[in-house]
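> For reference, the chains in residue letters:
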Amino acid sequence: MSEQLLINISLIVLLLPLFSFFITVVFGKRFPKLYLFETGIISLAFLLSLVIGFFKLTTYVDSKLAFDFTWFDFGVVPVIGEFKVELGVMIDNITVIMLFVVNLISMLVHYFSIEYMHGDKRYTRYFAYLGLFTFSMLGIVLSNNLLGIYIFWELVGLSSYLLIGFWFEKNSASDAGKKAFLTNRVGDIGMFLGILILFTTYGTFNFDKIFSGIASGVMPFESTAWLTAAGILVFLGAVGKSAQFPLHVWLPDAMEGPTPVSALIHAATMVAAGVYLVVRIFALLTADAMLVIAVIGAFTSLLAATIALTQNDIKKVLAYSTVSQLGYMVMALGVGAYAFAFFHLVTHAFFKACLFLGSGSVIHAMHHEQDIREMGGLKKKMPITYATFLISTLAISGIPLTSGFLSKDGLLAGTLAFGELTGHWLIPIIGFTVAFMTAFYMFRLVILTFHGSPRNQHKFDHAHESPKLMAVPLIILSALSIFIWYTPNPIAPDAGWFLGKWIETPSTVVPEAASFDFMINEDPAADVIHSEKYEHAMHTVHYPAMGLSIGLAGMAILLAFSMYQWKKINPDKIAESVKPLYNFSLNKWYIDELYHASFISGTLMLGKILFWFDANIVDGIVNGSAWFTRVMAKISGWFDTFVVDGLVNFTAFMSGFIGLTFKRIQTGKVQTYLVFVLFSIVLLLIVFRPF
Amino acid sequence: MNIYDIIFYLFAIVTLVSAAFVVSTKNIVHAAFFLIFTFFGVAGLYILLGADFIGVVQILVYVGGILILLLFGVMLTNKITNVEIRSGTTQIVPALIGVGLFAGILVLTMVSTEWKSAPGEIPFTTAYSLGKVLLTDFVLIFELLGILLLIALIGAASIARREKE
Amino acid sequence: MIEVGLNHYLAVSSILFALGIYGVITRKNAVMVLMGVELILNAANINFVAFSRYSNFGINGQVYALFVIILAAAEAAIALAIVLNIYKTYANVNVDEINKLKE
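Chains as they are written, first to last, in my numbering: chain A, 10 to 700; chain B, 9 to 173; chain C, 10 to 112.
Hints listed in this document are in silico derivations from the structure and should not be mistaken for laboratory results. Think of the CB as a built atom: it goes at the ideal place given N, C-alpha and C, for glycine as much as any other residue. The reader is advised that the hints may include incorrect statements.
Not close to chain A: a few residues of chain B, all C-beta gaps over 12 Å, as computed [said to hold, decoys possible]:
no.: 1; residue: F45
no.: 2; residue: I100
no.: 3; residue: L114
no.: 4; residue: V141
Pairs of lysine to any residue, SDA-like flavour, derived with a Cα cap of 20 Å [to be verified]:
no.: 5; chain 1: C; residue 1: K37; chain 2: B; residue 2: K124
no.: 6; chain 1: C; residue 1: K37; chain 2: A; residue 2: V679
no.: 7; chain 1: A; residue 1: K577; chain 2: A; residue 2: F469
no.: 8; chain 1: B; residue 1: K124; chain 2: C; residue 2: I68
no.: 9; chain 1: A; residue 1: K93; chain 2: A; residue 2: F109
no.: 10; chain 1: A; residue 1: K678; chain 2: C; residue 2: A88
no.: 11; chain 1: C; residue 1: K37; chain 2: A; residue 2: N17
no.: 12; chain 1: A; residue 1: K678; chain 2: C; residue 2: I107
no.: 13; chain 1: A; residue 1: K678; chain 2: C; residue 2: N94
no.: 14; chain 1: C; residue 1: K97; chain 2: B; residue 2: A168
no.: 15; chain 1: A; residue 1: K218; chain 2: A; residue 2: T79
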């Protein structure tokens, strides 16, 4: 199979879901059976991606296949010089693995949804949206340049919005959709600015060309600080999409969407797109940028894990656990454990999709009950769901013989090595604390849901095992959570084919002065990093990390069992004794409230001050004379529209960074916006003075 | 000042004065009628510029089509119990300031720019050459616009007919 | 007074454009807003035709003017359909009272 053929097939894989989206969306009303066509197309795309994966990983394992075309060519433009925009696809090992993961999970979710969504009144439209999502996600995976990623980035945002608000009759669902969309937009602006910095410096969006530009010593605005800024700004996009602090607030709310959607988009693929983006730009991250990324990741994982400890909604626990695991991956990238971060992305995609689909199965069986306090004892009623859920839980807790153990252990070892090399010990400490919490809250979830005696007899009596179409995806996904697919040796991930062979850390292109000393390549000619120092550190911490993580997970599971299964320790009593902490966690660190309060009180207070100013000082002058009043009224009206609103808009914009503010800026009147546009144009004209 | 200049100023004044009335009169029907004069004035300017075909199309499409549509719009969206159909205005002051500044800058820019002008011969009629260009160089755009117009009309009919749920 | 040339036409179109914007911003009635839009389109068209006459682009400017007229016709049809729908929903067509966008 030639390289060109592989690229062509990958383009077909990309376009197939788009094609099925159009067909389904246009003819879906007339032919309700089209969802089968849609599912068939996705299955075909999966088979093709298997073919690509097979040939890439056997024949072309060391080469990178790329295909570029020029989208626009403006020729020589005044001021900027030559200006053209190229798009293209690139197939390397990461791409084909992501293609496999995305298509597989998408296909399984399609199968699962056929049963789960049965009887919904917008049944075919749901499948159309899934097709659109799959297309956009594949676009992100295949793009070889920042612009392409940005375009598809917005497209996944759109399809996520459509699917979160799929049941838009429910206010909470449509609100959650808007929240997700707007929160993501905050991150995307950062990403856009980052892309612009890189584009203005290197004149290209292509990753490889940007990297070679940096390697040749050209810096944005001649300073490595700007390179750090560009890296962090692009990372902001990942903060939004991958739900990192402080933009994590949308993901838990996104659970308003149908559960299979949560599994596909908000657990396995879309939220991993942020991590994938950081993987792609890894080579241009400076030491400072990496430290910021590591700290944000670590903090997010801790925050989410503590919240997950006390939640009672089965999907909310999983959502916070997703945020926490994403924080892990981001942290791992920050500490330089590139390969393990990507490895964890893949393993997490499988077991988290399995957990979500499992929870969907439970919710389906319990007739849309999501509160775990109403469950219990489901083990007997739903043996397949229980078994698969348990395997995935073991994987996420990092128990040996599972895939999660391999990736999580390597990731934690990476943080330990980072601590040893740089002295930032807080990061590994957080990492291991989170590992303990993860095992605890996941087993709390399993025990409360499946073990013990039923707490709601009525609902329990009606519960039933899910049909085959829902059970098979669960079985496949839980099977993929076993170590054997990744390595033959259950305690050494690098003995397998995944690490060291397929996925290798690329060498950094950042100048040596601005990067961590352990990230400097000792063999400058190679694409792949080779650092004695880092490897030595990894080697020394490998076994301690493994022992520590197994021990912590074991203790956590023991604790969970003694609290919820054997009832030796009363959880309510502990909650009572640390009441403030418990409430803090139960209310999600009051972050939603904080955003709400800082935003509302800030804007309202400013409004009040300005109103007082308006009422007392402005009106005082106005009372001068009748004529004067008329003019003043006009002026104060103008003042109101421009100065007051302008100031309010400004503060709203400021607090916009920490909340959902954009709706308050808008008066909703098109003509007011037009006035703003007009004045901005006039201002620009005056500034640039074309006359 | 030759006859060409006099005709130009005539049409320019008709266009701008009636346009000013369009945007300032309170009575919507009056505005619509002043719009006719504006369109005629613009058509006159086209013909002065040697674009006779465009001028005719302007009269046919704008006066004959778009304006009638607008009048229908006026009639269908107002309760015509009295002849005076009034409509208010909003944010006059900012608009006056903004538009004044904007117009000043625009005119200044236009006039002060050194345009590379190379006036060619005024053809006797443009219909022939326009038709030729439309069906050769611009044939794809031409066809697409035809489809667009069709879609727009079907869409308009379907949107306008939709009953309130 | 200097002979009428390109600049005169451009000045007319600039003022017409500004008037159109003024109409779009200040009028409450949606139909009146549409009239403002038509003025803007006409102003742009004058520019196309004027440049077509006074430069060596040939007849292309006129072709674009023709396209703009076609688009204006399509736009007017769609816009009026929307205005009718707004009228059905709100019982008036005052643009400044329709601020659903802010929710």
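> If a hint holds in the structure, say so; if it does not, say that too.
Going through the hints against the structure:
1. F45: 26 Å, holds
2. I100: Check fails; 8 Å does not lie beyond 12 Å.
3. L114: 8 Å, violated
4. V141: Given a closest Cβ separation of 24 Å, the condition holds.
5. K37(C) <-> K124(B): Since the Cα atoms of K37(C) and K124(B) sit roughly 41 Å apart, the hinted pair is violated (cutoff 20 Å).
6. K37(C) <-> V679(A): 11 Å, holds
7. K577(A) <-> F469(A): 25 Å, violated
8. K124(B) <-> I68(C): 17 Å, holds
9. K93(A) <-> F109(A): 32 Å, violated
10. K678(A) <-> A88(C): Roughly 17 Å separates the two Cα atoms, so the pair holds.
11. K37(C) <-> N17(A): 55 Å, violated
12. K678(A) <-> I107(C): Between K678(A) and I107(C) the Cα gap is close to 7 Å, so the pair holds against 20 Å.
13. K678(A) <-> N94(C): The hint holds at about 18 Å.
14. K97(C) <-> A168(B): Distance of about 9 Å is within 20 Å: holds.
15. K218(A) <-> T79(A): 15 Å, holds
Hint compliance for this structure: hints 2, 3, 5, 7, 9, 11 are broken, all remaining hints hold.
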